[in-house]
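**Q** In order, the protein sequences belong to chains A and B. If you're matching positions, the first sequence starts at 1 in the numbering used here and goes up one per residue. If you're matching positions, the second sequence starts at 1001 in the numbering used here and goes up one per residue.
Derived from the structure by calculation, the hints contain no laboratory data. Check before you lean on any hint, since a few could be wrong.
As the list claims (entries may be wrong) - Per label pair, the in silico range of CB-to-CB distance:
(1) A:8 to B:1014: 36 to 46 Å
(2) A:53 to B:1073: 22 to 32 Å
(3) B:1003 to A:8: 42 to 52 Å
Unchecked claim - Facing chain B, according to a computed beta carbon distance under 7 Å, are these residues of chain A, among others:
(4) 31
(5) 39
(6) 41
(7) 43
(8) 45
(9) 48
(10) 69
(11) 93
(12) 97
(13) 98
(14) 100
Just so you know, even glycine gets a beta-carbon here, dropped at the ideal spot from N, CA and C.
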Amino acid sequence: GIQVEQSPPDLILQEGANSTLRCNFSDSVNNLQWFHQNPWGQLINLFYIPSGTKQNGRLSATTVATERYSLLYISSSQTTDSGVYFCAVGTNYQLIWGAGTKLIIKP
Amino acid sequence: NAGVTQTPKFQVLKTGQSMTLQCAQDMNHEYMSWYRQDPGMGLRLIHYSVGAGITDQGEVPNGYNVSRSTTEDFPLRLLSAAPSQTSVYFCASSYIGPGSSYEQYFGPGTRLTVT
């Protein structure tokens, strides 16, 4: 089956810093999504991005499908950005999830 | 819209007991799914459904049953609880069809402990 690897596993930053999270996957997919799980456990969909680039405020994502990786950029980090960021990939609606990147933003 | 709702929020079971986790959505989404999340891991798909009367297995279906009699509801049944089923369970839904972005909407989760 498809393998998903996320890096780094943990990231600690000061407020205002920028960060790049990476997701590598082992096979062709037509579905790739980034999610944020806040410290209370709630899962929020950030991007559906099987290819190309999207931006939403301070967050942006780029997927290079031919090279099987995706990047999530967070600029000017805020403490509310803390949590775990997951990449999930698959075909159609069945998603395989990475182990996540745990991000801690210190004030 | 309430979105995706799950009940209960917390549950403690003894080994061998059975129970049903409830999931409902009011967005008229065809696709619904159940995931489990174990500590330090991503979510793993248990079962999913692409419409009323249609269900299929995901990665980790053993020990769980589902049914989908209506578009709105997708209950997950634990037949005989085991400590290995201690986890947080998430239900999700998504729109299927032209223009779908495959975006999945998640419920708040049910934290289940089996002793």
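**Q** If a hint holds in the structure, say so; if it does not, say that too.
**A** Verification of the hints:
About 40 Å separates the C-beta atoms of residue 8 of chain A and residue 1014 of chain B, a value consistent with the hinted range of 36 to 46 Å. Checking the proposed 22 to 32 Å range against residue 53 of chain A and residue 1073 of chain B shows it is violated: the Cβ atoms sit about 38 Å from each other. Separated by about 32 Å at the C-beta atoms, residue 1003 of chain B and residue 8 of chain A break the suggested range of 42 to 52 Å. For residue 31 of chain A, the interface hint holds, since its Cβ comes within 7 Å of a Cβ in chain B; the closest pair sits about 5 Å apart.
Taking 7 Å as the C-beta contact cut-off toward chain B, the hint placing residue 39 of chain A at the interface is violated, the least distance being around 13 Å. The criterion of a C-beta within 7 Å of any C-beta in chain B is met by residue 41 of chain A, whose closest approach is roughly 6 Å, and the hint holds. At its closest, the beta carbon of residue 43 of chain A sits 4 Å from a beta carbon of chain B; the interface hint therefore holds under the 7 Å criterion. Evaluation of the residue 45 of chain A hint against chain B yields a held restraint, the C-beta minimum of about 5 Å falling below 7 Å.
For the restraint placing residue 48 of chain A at the interface with chain B, the shortest Cβ-Cβ distance is roughly 4 Å, inside the 7 Å limit, so the hint holds. Residue-level restraint check for residue 69 of chain A is violated (minimum Cβ-Cβ distance to chain B is 17 Å; threshold 7 Å). At its closest, the beta carbon of residue 93 of chain A sits 5 Å from a beta carbon of chain B; the interface hint therefore holds under the 7 Å criterion. Restraint check, residue 97 of chain A versus chain B: the minimum CB separation of about 3 Å is within 7 Å; hint holds.
Because the smallest distance between the Cβ of residue 98 of chain A and any Cβ of chain B comes to about 5 Å, under 7 Å, the interface hint for this residue holds. For residue 100 of chain A, the interface hint holds, the least distance from its beta-carbon to any beta-carbon of chain B being 6 Å, beneath 7 Å.
Taken one by one, the earlier hints fail for this structure at numbers 2, 3, 5 and 10, listed in ascending order.
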